[in-house]
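Here the protein sequences line up with chains A and B, keeping their order.
Sequential numbering of the first sequence, starting at 1, is according to the UniProt record's numbering.
Sequential numbering of the second sequence, starting at 1, is according to the UniProt record's numbering.
There could be a bad hint or two in this list.
[To be verified] Label-pair ranges, simulated between beta-carbon atoms:
hint, chain 1, residue 1, chain 2, residue 2, range
1, A, Ser318, B, Ala27, 53 to 59 Å
2, A, Ala319, B, Glu119, 37 to 43 Å
3, A, Lys294, B, Lys407, 42 to 48 Å
These are calculated hints, taken from the structure and not from any lab test.
Where is the CB? At the ideal position from N, CA and C, for every residue including glycine.
2 protein chains.
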Amino acid sequence: MSALQIHADDPRDPIQEARRRRDISLAVEPPLPDLPKDLPLNVTSLPRGILTARECEITEKTPEGLVELLANGHFSAVEVIEAFLRRAALAQRLVNCVTELLPQAALKRAKWLDNYYKEHGRTIGPLHGLPISVKEHISLKGWEVNFSFVARIGTIVDTDGLALKAMCDAGAIPFARTTQPQTLMHLETSSTIYGVTTNPYNTMLTPGGSSGGESALIALRGSPLGFGSDTGGSIRVPAGHTGIYGLKPTSTRLSHLGLTGIAGGREQIPSVIGPMSTSIGGLEMLMKTVINSKMWEVDPSLPPIEWRDGVDWLLRGSAGSRKLKVGIMWDDGLVTPHPPVRRAMRETVEKLRKDPDIEIVDWAEFSMKDAYEIWSTLIFADNGEVMLNLLDDGKEELRPLTEWIFKHNPHKAKRSLQEVWDWTAKRDEFRGKFAHAWHKTGAVDSHPIDVLLTPLYIGPPAKLDESKYWNYSLLFNLLDYPGVSFPVTTVDPTLDPIDVDFLHKGDIDLETHKLYKPDWYKDAPISLQLVARRFEDEKVSNDFHISPI
Amino acid sequence: MSALQIHADDPRDPIQEARRRRDISLAVEPPLPDLPKDLPLNVTSLPRGILTARECEITEKTPEGLVELLANGHFSAVEVIEAFLRRAALAQRLVNCVTELLPQAALKRAKWLDNYYKEHGRTIGPLHGLPISVKEHISLKGWEVNFSFVARIGTIVDTDGLALKAMCDAGAIPFARTTQPQTLMHLETSSTIYGVTTNPYNTMLTPGGSSGGESALIALRGSPLGFGSDTGGSIRVPAGHTGIYGLKPTSTRLSHLGLTGIAGGREQIPSVIGPMSTSIGGLEMLMKTVINSKMWEVDPSLPPIEWRDGVDWLLRGSAGSRKLKVGIMWDDGLVTPHPPVRRAMRETVEKLRKDPDIEIVDWAEFSMKDAYEIWSTLIFADNGEVMLNLLDDGKEELRPLTEWIFKHNPHKAKRSLQEVWDWTAKRDEFRGKFAHAWHKTGAVDSHPIDVLLTPLYIGPPAKLDESKYWNYSLLFNLLDYPGVSFPVTTVDPTLDPIDVDFLHKGDIDLETHKLYKPDWYKDAPISLQLVARRFEDEKVSNDFHISPI
Numbered sequence: 001m002s003a004l005q006i007h008a009d010d011p012r013d014p015i016q017e018a019r020r021r022r023d024i025s026l027a028v029e030p031p032l033p034d035l036p037k038d039l040p041l042n043v044t045s046l047p048r049g050i051l052t053a054r055e056c057e058i059t060e061k062t063p064e065g066l067v068e069l070l071a072n073g074h075f076s077a078v079e080v081i082e083a084f085l086r087r088a089a090l091a092q093r094l095v096n097c098v099t100e101l102l103p104q105a106a107l108k109r110a111k112w113l114d115n116y117y118k119e120h121g122r123t124i125g126p127l128h129g130l131p132i133s134v135k136e137h138i139s140l141k142g143w144e145v146n147f148s149f150v151a152r153i154g155t156i157v158d159t160d161g162l163a164l165k166a167m168c169d170a171g172a173i174p175f176a177r178t179t180q181p182q183t184l185m186h187l188e189t190s191s192t193i194y195g196v197t198t199n200p201y202n203t204m205l206t207p208g209g210s211s212g213g214e215s216a217l218i219a220l221r222g223s224p225l226g227f228g229s230d231t232g233g234s235i236r237v238p239a240g241h242t243g244i245y246g247l248k249p250t251s252t253r254l255s256h257l258g259l260t261g262i263a264g265g266r267e268q269i270p271s272v273i274g275p276m277s278t279s280i281g282g283l284e285m286l287m288k289t290v291i292n293s294k295m296w297e298v299d300p301s302l303p304p305i306e307w308r309d310g311v312d313w314l315l316r317g318s319a320g321s322r323k324l325k326v327g328i329m330w331d332d333g334l335v336t337p338h339p340p341v342r343r344a345m346r347e348t349v350e351k352l353r354k355d356p357d358i359e360i361v362d363w364a365e366f367s368m369k370d371a372y373e374i375w376s377t378l379i380f381a382d383n384g385e386v387m388l389n390l391l392d393d394g395k396e397e398l399r400p401l402t403e404w405i406f407k408h409n410p411h412k413a414k415r416s417l418q419e420v421w422d423w424t425a426k427r428d429e430f431r432g433k434f435a436h437a438w439h440k441t442g443a444v445d446s447h448p449i450d451v452l453l454t455p456l457y458i459g460p461p462a463k464l465d466e467s468k469y470w471n472y473s474l475l476f477n478l479l480d481y482p483g484v485s486f487p488v489t490t491v492d493p494t495l496d497p498i499d500v501d502f503l504h505k506g507d508i509d510l511e512t513h514k515l516y517k518p519d520w521y522k523d524a525p526i527s528l529q530l531v532a533r534r535f536e537d538e539k540v541s542n543d544f545h546i547s548p549i
Numbered sequence: 001m002s003a004l005q006i007h008a009d010d011p012r013d014p015i016q017e018a019r020r021r022r023d024i025s026l027a028v029e030p031p032l033p034d035l036p037k038d039l040p041l042n043v044t045s046l047p048r049g050i051l052t053a054r055e056c057e058i059t060e061k062t063p064e065g066l067v068e069l070l071a072n073g074h075f076s077a078v079e080v081i082e083a084f085l086r087r088a089a090l091a092q093r094l095v096n097c098v099t100e101l102l103p104q105a106a107l108k109r110a111k112w113l114d115n116y117y118k119e120h121g122r123t124i125g126p127l128h129g130l131p132i133s134v135k136e137h138i139s140l141k142g143w144e145v146n147f148s149f150v151a152r153i154g155t156i157v158d159t160d161g162l163a164l165k166a167m168c169d170a171g172a173i174p175f176a177r178t179t180q181p182q183t184l185m186h187l188e189t190s191s192t193i194y195g196v197t198t199n200p201y202n203t204m205l206t207p208g209g210s211s212g213g214e215s216a217l218i219a220l221r222g223s224p225l226g227f228g229s230d231t232g233g234s235i236r237v238p239a240g241h242t243g244i245y246g247l248k249p250t251s252t253r254l255s256h257l258g259l260t261g262i263a264g265g266r267e268q269i270p271s272v273i274g275p276m277s278t279s280i281g282g283l284e285m286l287m288k289t290v291i292n293s294k295m296w297e298v299d300p301s302l303p304p305i306e307w308r309d310g311v312d313w314l315l316r317g318s319a320g321s322r323k324l325k326v327g328i329m330w331d332d333g334l335v336t337p338h339p340p341v342r343r344a345m346r347e348t349v350e351k352l353r354k355d356p357d358i359e360i361v362d363w364a365e366f367s368m369k370d371a372y373e374i375w376s377t378l379i380f381a382d383n384g385e386v387m388l389n390l391l392d393d394g395k396e397e398l399r400p401l402t403e404w405i406f407k408h409n410p411h412k413a414k415r416s417l418q419e420v421w422d423w424t425a426k427r428d429e430f431r432g433k434f435a436h437a438w439h440k441t442g443a444v445d446s447h448p449i450d451v452l453l454t455p456l457y458i459g460p461p462a463k464l465d466e467s468k469y470w471n472y473s474l475l476f477n478l479l480d481y482p483g484v485s486f487p488v489t490t491v492d493p494t495l496d497p498i499d500v501d502f503l504h505k506g507d508i509d510l511e512t513h514k515l516y517k518p519d520w521y522k523d524a525p526i527s528l529q530l531v532a533r534r535f536e537d538e539k540v541s542n543d544f545h546i547s548p549i
């Protein structure tokens, strides 16, 4: 890919400089051994052959397990951070997911925490010593934030993201910064500066995007928990493509204060930050820690809603006790998911039906055809100029998906203010209709559905440059509903053959259908999405999660 | 004023038709006697000389008192609604505050409620039989909504405002619709269709606006409780100018679903609906009823925050008990309030200082100079075209304040989308700085201020066409903080002489200073404003209200 190398021969080239900084930060002692020449497509088992048993023991714990073992002194903060620095450095060699590691700062903090623990006999907070990774664009005071734009290399920020700071105040240690795609508007991860990030389960495939550095790193257990961001699926899709968990929260649950923006003042489709983790408990850990720091006292955009982990939504044990009501959206009526996704839906619903405490309701017909148009019109209302100008400033070639979504997108145009007001009103009308349909799933003596189960993405993780159908994830950005992605199965060519009797519903449906070739996707993770109404983030990341079934 | 009469000679004139409908709706039996020829400037005591003692007894109750007496059968719903219909018809003759009454619909509903009460021995809900008034633009299904635009006369709406419907579901009866100014963007109330609404305490003065029909009607006890709306002060200023109570809630506490808009999709400065009443208890009654109907289940723009009337914000009686901390914003640093407003501030603060459970903190210097520019730029970002075109369609002359704010406003301009995004980012920066300043009033071992006491308006209710300085009220629209206006005193020329040593801070300060002439404003109500942080509406309309002191 020439776009990734255009500056390669210039010694003062900012791209080479950024990569050099990354490479220096990756040095570990003792050095990692050379990797075998012919790596398998699935690299997830390689770390176990390279790292020590103790390092694997540490890095394969869930975040909940880690904080417990740090709190009772079983692990020290220093040995935990050292193990993750080594595993992250290895993950970088395997799937190219890191923009830099932060060994000095992280080790210094870990030492301080260990001393505090020794001196006071207790932890500094509930996340004492927990390593966390952070998508590159989420601000860390004193560090460069380039958003993967060549033109922004060297831009140092002077604030910490407030949400990230709340995690640090509770004892967490940021130690790794991760890759994101050009413009952050792809469901895959490749950029001029850092190249292509690949999927640990099959390096011919994408780990998703735009938080694909996080997903690849966490899937390889190079980090237990991290921050991604999501405007159209960018947390959920990469989490889903790599078999980990990801939550896109309701937009005003986590503060964006302290983040550097490149699109300030655009509030029509909210971009959100949120957790990605090896466990669903990790999602809740981040949400609870950040929300209960009461950020609404300094960020007036947030409503004062604490994390409600004590609420018994089903009134269990009381006279009003009821079943968990799960709506099923089999597809969006426009583009049929690939066979393994349909199997994942069927198998999950079959399991749910066997639970006597769960009631299943098919989601009624609802026209989703406007969703992409409204979302896309509002997102690209400046005709993509801010992003395209930044690319031009950096003399970057457009990646194929940048070309596709910024140039060939039928809904991108330079809009007038009045047009954006009109489309915002259409957005509100769409939101109102969807909320009405949700509410209608209940009746006088029955509760509306608690959660909605949907496909997350049209198929398995795609090959590079092929992730073009966003509707299943962006629908919930348009609605601003919280959604979790959770792993269900992997592609099995025997169980998931091509649908030979496929009847397409339109051109995009046919084009998407043709992308599926079972053998290409063997072992690729297949995940689904669980959604709740606005502000009911707790329902999908705690009480009601159905992933362990 | 010729603008109010341009169509007077045309029998098919829509204005005459609208007034005819209004006048027919005002007929009461037995008819009201003719009014004396020379009415005093202060007409507030006239109803007692015209209505029966029983009618006065009913109409002079607070909303809390009324629902209690309706619930225990002391009053019937029919006699209550009949008394208010008579008093509202009288108020219309005195101050021209009504666009129409709804005698048939209201009486029919009252009879139904009385029958229900007889049959079941209980009320239908907590507001059983309570009459409520509604600013004209707030939708009532099947009725015309013209927003005071001639061009919209005859426009029938097909939905009820959801918040209004929640009140009706609890037993309230809408019976009166009230006047609003041309474009709804004045702090006074005059329109081509309905003419000028005047202040019951001094009919040479304005009752404020844009909810001036509500304020004048409620001040005359022609309604106990009503819905106004507020984008820059339109609930609080008219409530303040007429000695009643008004609350501008946080923007997403009450639903706007079902309302007809003329500016759909504009979300940069939220317009809100809210309660106006003869008592502060009335404000809480409306808020609690509407919010606890759980509108967030059908309106996804609302966070699920119930009305918190049981919260003991001060932790009274516990070890953590603390004082109520009240910040004092003496002025905005730009334009000095008139002498009676300054006296109201001084007297209120003196009383507060005597309360051992209250701690007073002066609000630190904070630059307010950007507030009007940001608010105004965002509000008039279409150069006022939507409004001005509607006026043109109706062949309306511009009222002087329309001319002033739409034509001579230095911040109105036709903005590009990018400009509005930039100004939205400036709005967020302003909000962030203000929240930080509020937070800073606390320290490690002390709580930030609970509420902020401020002037509400620069002076007493103005003469027509003179209400031009909005900063004290619009500041809290820009911030989206809840604010209550509450009566403190009345103008006393002896206590409130012209400030002869006045040193002005600039042209607007000097111009505003010159407007004050004590004798003109004798007996005019002076009110102040109590503000809380976003979503803490309960703090200013319940627990912490300081008006009764």
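Tested hints:
1. Look at Ser318(A) against Ala27(B): about 55 Å separates their beta carbons, and that is inside 53 to 59 Å.
2. For the pair Ala319(A) and Glu119(B), the supplied restraint of 37 to 43 Å is violated, since their beta-carbon distance comes to about 29 Å.
3. One distance hint, 42 to 48 Å for the beta-carbon pair Lys294(A) and Lys407(B), holds here, with the actual separation near 46 Å.
This entry does not satisfy hint 2, going by the numbered hints stated previously; all others are met.
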